[in-house]
Amino acid sequence: QAMNTVKTLDSQNFRPIVSISAIEAYESGNINLVAVSQTGVRFYMSVVSLSNLQPNQRPYTLTLLHVRLPPGYSANVTVRPRAVHMSNYRDRNLVLISTVNEKDVLWCMSSDLFPFTQTLMEAYNTVNLDGPALAMAEVRHDVHLYSSTMQERPR
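The sequence shown stops at residue 155 when you use the UniProt record's numbering, and every number in between is there.
These are calculated hints, taken from the structure and not from any lab test. One should not assume that every hint holds.
[As the list claims (entries may be wrong)] The calculated label-pair distances, taken between Cβ atoms and stated as ranges, are: (1) LEU50 - ARG140: 43 to 49 Å; (2) SER21 - ASN101: 23 to 29 Å; (3) ALA83 - ASN56: 37 to 43 Å; (4) SER49 - MET121: 25 to 31 Å; (5) SER51 - VAL79: 36 to 42 Å; (6) ALA123 - ASN52: 33 to 39 Å; (7) ASN101 - ARG15: 37 to 43 Å; (8) LEU134 - GLN12: 22 to 28 Å; (9) GLU27 - ASN125: 33 to 39 Å; (10) ARG58 - MET121: 29 to 35 Å; (11) ASN128 - SER51: 44 to 50 Å; (12) ALA135 - GLN12: 37 to 43 Å; (13) LEU50 - GLY131: 40 to 46 Å; (14) SER110 - THR63: 21 to 27 Å.
Positions of the beta carbon are idealized from the N, C-alpha and C atoms, including for glycine.
Make the full structure from the sequences, and use the hints.
Listed below in structure tokens is the structure:
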């Protein structure tokens with residue numbers, strides 16, 4: 001299905017899939033999963049039909065909604081992710097690790113910088129790592145917001 005969407009690319013760009021991440025309901029009511037291929041291509045999918053949306057509907061299908069190419073497929077960018085072996089997606093931010101010339105490179109891509117625009121835009125940055133990345137995990141911190149007029153900080 002992805003090849004029918006993007007007919008000008010070699011089908012090898014779409015496989016293998018290296019990770020699948022869930023998309024939280026607060027981020028999107030329609031898109032539920034994002035899969036990342038070894039070349040950094042992202043596949044945004046839904047587990048319900050968009051033509052018959054109902055509240056609290058159980059998943060019953062897997063539909064490809066959008067294919068997003070990684071940086072490097074435009075005329076002004078010469079570097080693109082290759083040999084992606086780890087990725088993590090959360091809150092419109094994608095972090096992936098690829099290998100270039102036997103060195104790992106951290107790619108950070110985010111559309112969070114453009115929350116009020118209708119066009120699909122994203123910013124990215126790369127960081128050359130000193131050694132191989134063996135694992136990647138999200139570290140969450142509880143952020144407590146409280147007013148200075150409150151007597152006690154919420155727990």
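Outcome of the hint check:
{"no.": "1", "hint": "LEU50 - ARG140: 43 to 49 Å", "verdict": "violated (30 Å)"}
{"no.": "2", "hint": "SER21 - ASN101: 23 to 29 Å", "verdict": "holds (27 Å)"}
{"no.": "3", "hint": "ALA83 - ASN56: 37 to 43 Å", "verdict": "holds (41 Å)"}
{"no.": "4", "hint": "SER49 - MET121: 25 to 31 Å", "verdict": "holds (28 Å)"}
{"no.": "5", "hint": "SER51 - VAL79: 36 to 42 Å", "verdict": "holds (40 Å)"}
{"no.": "6", "hint": "ALA123 - ASN52: 33 to 39 Å", "verdict": "holds (35 Å)"}
{"no.": "7", "hint": "ASN101 - ARG15: 37 to 43 Å", "verdict": "violated (23 Å)"}
{"no.": "8", "hint": "LEU134 - GLN12: 22 to 28 Å", "verdict": "holds (26 Å)"}
{"no.": "9", "hint": "GLU27 - ASN125: 33 to 39 Å", "verdict": "violated (21 Å)"}
{"no.": "10", "hint": "ARG58 - MET121: 29 to 35 Å", "verdict": "holds (34 Å)"}
{"no.": "11", "hint": "ASN128 - SER51: 44 to 50 Å", "verdict": "holds (46 Å)"}
{"no.": "12", "hint": "ALA135 - GLN12: 37 to 43 Å", "verdict": "violated (27 Å)"}
{"no.": "13", "hint": "LEU50 - GLY131: 40 to 46 Å", "verdict": "holds (44 Å)"}
{"no.": "14", "hint": "SER110 - THR63: 21 to 27 Å", "verdict": "holds (25 Å)"}
Checked against the numbered hints listed earlier, the structure breaks hints 1, 7, 9, 12; every other hint is satisfied.
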